[in-house]
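Residue numbers (the working numbering), protein chains in the order written: chain A, 1 to 138; chain B, 139 to 276; chain C, 277 to 414.
Hints are supplied without guarantee of correctness; some may be wrong.
Stated by the list, open to error - Only pairs whose alpha carbons sit at most 30 Å apart, straight line, appear in this in silico DSS-like list of lysine-lysine:
#1 A:LYS109 to B:LYS207
#2 B:LYS140 to C:LYS311
#3 A:LYS129 to A:LYS17
#4 B:LYS267 to A:LYS74
#5 A:LYS35 to C:LYS287
#6 C:LYS278 to B:LYS247
#7 B:LYS212 to A:LYS69
#8 B:LYS212 to A:LYS109
Simulated from the structure, these hints should not be mistaken for lab results.
Spelled out from the first residue to the last, the chains are:
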Amino acid sequence: MKSYRKELWFKTGERRKLINITTQVESCLLESGIKEGLVLINAMHITSSVFINDDESGLHYDYEIWLEKLAPEKPYSQYRHNGYEDNADAHLKRTIMGREVVVAITEGKLDFGPWEQIFYGEFDGKRNKRVLVKIIGE
Amino acid sequence: MKSYRKELWFKTGERRKLINITTQVESCLLESGIKEGLVLINAMHITSSVFINDDESGLHYDYEIWLEKLAPEKPYSQYRHNGYEDNADAHLKRTIMGREVVVAITEGKLDFGPWEQIFYGEFDGKRNKRVLVKIIGE
Amino acid sequence: MKSYRKELWFKTGERRKLINITTQVESCLLESGIKEGLVLINAMHITSSVFINDDESGLHYDYEIWLEKLAPEKPYSQYRHNGYEDNADAHLKRTIMGREVVVAITEGKLDFGPWEQIFYGEFDGKRNKRVLVKIIGE
């Protein structure tokens, strides 16, 4: 069994942003030389997310509206977590979007359906944050 | 390390439907000959889901009502994604239900608690769609 | 490839409770002797959850309020699942929080960001329930 590990770093200009990281994960896979196995891609921070969905700007706008409806940022005082911090909503948004994805590797490629793309979902940005890519296989 | 891959195909008559696929995954596991490892089961489409819960019709009815409350299908115009399409709600419903599950394999069996069953959750059906089963282990 | 399996048992005094299980998972990892690989940690029951977030009491309070808003326990009669049972809300709460996490193992340790902690989320407690820890690697 072979294993591979890499950190991807992000610093967004906005509090919230969705970034397509599929190409970066494909580069990791190529570098690993692994042909059959599994790749885990997870946010290393608890106010951000890694998820798979469509790279379509209308949908990304819908996500922003929807997540604000389910877990609004303001008023900050509605959350007990917001004593020294103001990011309780980011913890909740990330809970809905998920921490991680696991993707099959087949014949050296991400084994994807036609529209699957991997995203980093930032919900409390403007600082350096990391995603972990871990691959195991042969 | 051994690996195994299979696609399961579904075409539902309804827009939304939950289908128990546990037996099909067990058949894959038997065919793979793998006794210890992990199985990844994921939707290959971004408007459907694979998840684990109870095979109880009352609960499935509750899921339908609940998902419609959290991410309603109509009016279609409430979502920017719905220009040429009408399935923005399906992307959001799948986000709540999840893309994938990873299940332990122990002594050649799905290592499950008493009520765990694997479901394909279709939220934009009436066409051919796929689930990926990928097993790694020994 | 090596594999390791252990069940962790919990019985909470309350219907709902979040329990930090990071130390118990680290003990499993040490016992396994596995240095590189993946660990799957999943609830074996469909009314509880395993998830990763912050060990901060304010946030845990916010989770309780938030989950009750998205999937309220009462009135029990609002859910069709609640014929002989009263735990439909627990199935829905666990759906939001997730069944499982997969964590990378690197150099014999959980490969975590600075604040990642693993929690067992109980939403229908007062009875014996289990979490599965399955590790594969070398």
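task: Against the structure, test the hints numbered earlier, and report the numbers of the ones violated in rising order.
output: 1, 4, 5, 8
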